[in-house]
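Protein chains: 2
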Amino acid sequence: MTIGEFELIEKFFATQTKQRNDVALGIGDDAAIVTIPDGQQLVITTDTLVAEVHFSAITSAYDIGYKSIAVNLSDLAAMGATPSWVTLALTLPCVRENWLQEFCQGFFDLAADYQIQLIGGNLSQGPLSITVEAFGFIPFNQALMRNQAKAGDLIYITNSLGDAALGLLNLQEKVTLSASDKKIALAKLNRPEPQIEIGSKLRGIASAAIDISDGLLADLGHILAKSNVGALIQLEKIPIGASLLHTLASDDALTLALSGGDDYELCFTVPQEKQTALEKALPKNLYHLTCIGTITSQKGLDLQYQNGKQYSGEHYGYQHFQK
Amino acid sequence: MTIGEFELIEKFFATQTKQRNDVALGIGDDAAIVTIPDGQQLVITTDTLVAEVHFSAITSAYDIGYKSIAVNLSDLAAMGATPSWVTLALTLPCVRENWLQEFCQGFFDLAADYQIQLIGGNLSQGPLSITVEAFGFIPFNQALMRNQAKAGDLIYITNSLGDAALGLLNLQEKVTLSASDKKIALAKLNRPEPQIEIGSKLRGIASAAIDISDGLLADLGHILAKSNVGALIQLEKIPIGASLLHTLASDDALTLALSGGDDYELCFTVPQEKQTALEKALPKNLYHLTCIGTITSQKGLDLQYQNGKQYSGEHYGYQHFQK
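Line by line, the protein sequences give chains A and B.
For the first sequence, counting from 1, position 108 maps to 108 in our numbering; every step adds exactly one.
For the second sequence, counting from 1, position 150 maps to 150 in our numbering; every step adds exactly one.
Just so you know, the hints here were simulated from the structure itself, not pulled from any lab data.
Honestly, I wouldn't trust all of these hints.
Since the list gives no way to pick one copy over another, a pair counts as held whenever it fits inside one copy or between any two copies.
[Unchecked claim] Simulated crosslink set (EDC-like; lysine to aspartate or glutamate; CA at most 16 Å straight-line):
id, residue 1, residue 2
1, Lys174, Asp252
2, Lys226, Glu10
3, Lys226, Glu7
4, Lys18, Asp113
5, Lys309, Asp251
6, Lys182, Glu5
7, Lys150, Glu7
8, Lys174, Glu193
9, Lys174, Glu97
10, Lys183, Glu197
11, Lys11, Asp63
12, Lys226, Glu102
13, Lys11, Asp113
14, Lys280, Glu173
15, Lys237, Asp251
16, Lys174, Glu197
17, Lys237, Glu52
18, Lys183, Asp63
19, Lys183, Asp38
20, Lys150, Glu236
Please read these numbers as outputs of a predicted model, since none were measured by experiment.
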């Protein structure tokens with residue numbers, strides 16, 4: 001290794017980021033200085049990706065860079081926020097410039113899609129780990145929270161579920177996939193698209209929202225717990241990912257769609273009187289939303305088949321600590 | 001391990017933090033929501049502590065928790081900012097509740113001293129590592145930056161230098177210390193006091209500032225490079241830490257004070273016409289500040305003894321990546 005921390009920051013990070021007018025001071029001082037627009041609140045979230053826990057040795061540096069921002073933008077999307085800046089705390093065992101170059105490409109490609117500026121961070125030596133903190137704006141009191149779902153609200157999912165979990169099973173050599181299914185599943189696992197646009201269009205319409213990172217049942221469970229309500233889910237309506245549908249038997253596919261992690265879709269609730277507003281804001285010909293059930297005043301998750309049969313599969317989402 | 005991520009957050013973090021009025025939504029949703037006061041800019045910094053790199057296996061959990069905030073507050077101090085919130089991304093190999101309890105005590109003790117609220121974070125499984133992001137306010141255009149030092153400005157240091165580096169040498173069994181010196185040196189190493197009060201009083205007075213984390217020469221070097229100036233340092237004036245003075249011969253003590261890391265004191269520059277304002281804002285009977293030299297238009301660091309002799313010791317500060 002022939003390059004120091006400050007040269008690395010200059011070479012790979014300081015010069016590649018977009019410049020925004022609301023950043024008074026970016027990379028290169030003790031701290032960054034930013035300005036928040038009038039009438040807006042600041043939304044802040046952070047997520048860490050750890051090598052061998054959140055990604056494997058064969059994950060490309062591009063995908064790691066991309067995903068380290070994507071998972072944070074997904075949290076901003078779930079608040080209805082518009083992204084503005086990120087910081088990056090990167091811990092590397094050693095400096096491999098090729099790796100860093102690729103990492104930065106993934107990182108800055110996604111950042112550029114959303115006009116995001118990297119305003120600061122930290123480089124340390126140690127086991128590979130990436131902590132991104134993402135910032136966004138939301139007009140006062142318009143954020144989508146977890147605790148405002150009410151009995152009678154309809155429950156929606158963006159796009160489809162389970163393909164990312166299938167991609168992980170494939171990497172773990174637990175399922176074999178056709179070339180085209182593998183492409184879909186790994187894209188979903190490694191390059192999830194944060195639902196920023198849908199999130200921001202849900203302001204004033206959705207009563208509650210969360211991003212699905214630990215599996216639908218686990219994450220919907222957070223809305224139910226915080227809102228002190230329950231839910232009735234119609235299992236036939238769960239939108240199952242394309243590669244998953246092709247690959248597993250329907251019961252297994254459903255289990256993975258309900259409980260697999262890493263979807264980064266949104267789960268949100270909409271009061272019935274807001275249905276028209278929802279269809280106007282997010283027309284069916286442009287956005288793929290599926291109503292999967294209803295919030296109930298009775299607590300608990302009621303997972304029903306159309307014939308009245310109860311779901312009997314695996315209920316639990318990703319556990320952050322192995323027991 | 002018998003406790004999940006969400007129970008851990010609830011038990012150790014959500015309930016222990018101070019509540020501030022400017023936090024609309026704290027721990028427990030997809031993101032935090034905060035409000036920035038009118039007329040203020042937001043100052044943002046982040047720093048990571050990695051096990052076996054930034055602290056050793058014998059460092060107490062209390063000290064790790066304390067220092068993970070302290071090093072970030074030191075960056076805010078160097079901007080002249082008033083701290084408001086922190087986030088914490090904590091990666092743990094396993095959950096040991098005793099360790100977490102102690103860690104949180106150190107973390108929240110220091111946070112409480114500065115009225116700081118923990119507004120969010122992330123818990124992951126992996127090699128022990130702590131990334132804190134700290135936030136503070138500064139009135140518009142009053143931040144102390146690195147790039148505004150001018151020839152003729154006087155260079156100051158808060159308190160004294162080198163005791164933390166001596167503490168590290170002692171932990172590495174490279175020097176033996178008396179019980180009282182060891183107490184001083186390890187306190188300086190493990191529980192550095194962020195110079196928030198002095199930083200905020202320097203607004204409108206100092207032309208540039210930095211916190212000394214990698215050694216005085218390295219960090220002053222950043223001010224010089226960013227401001228496009230040089231400095232003449234009078235070596236006899238360097239304020240050497242008490243335990244260091246007791247322990248090492250004067251040449252070695254000076255070298256450690258100039259180049260040792262982990263001081264977390266401030267180095268700042270003051271235009272000569274602001275001397276009176278400085279003495280009024282930070283009276284000598286209350287604050288220990290030392291003028292160690294002058295900014296020069298000629299580039300480079302000129303380290304002189306009173307007799308005109310040049311310094312010939314080690315010049316370099318902490319290298320973040322071992323070569």
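Open item on the list: Under the constraints set out in the numbered hints, which ones does this structure not fulfil?
Closed with: Per hint list: 6, 7, 8, 9, 10, 11, 12, 13, 14, 16, 17, 19, 20 violated.
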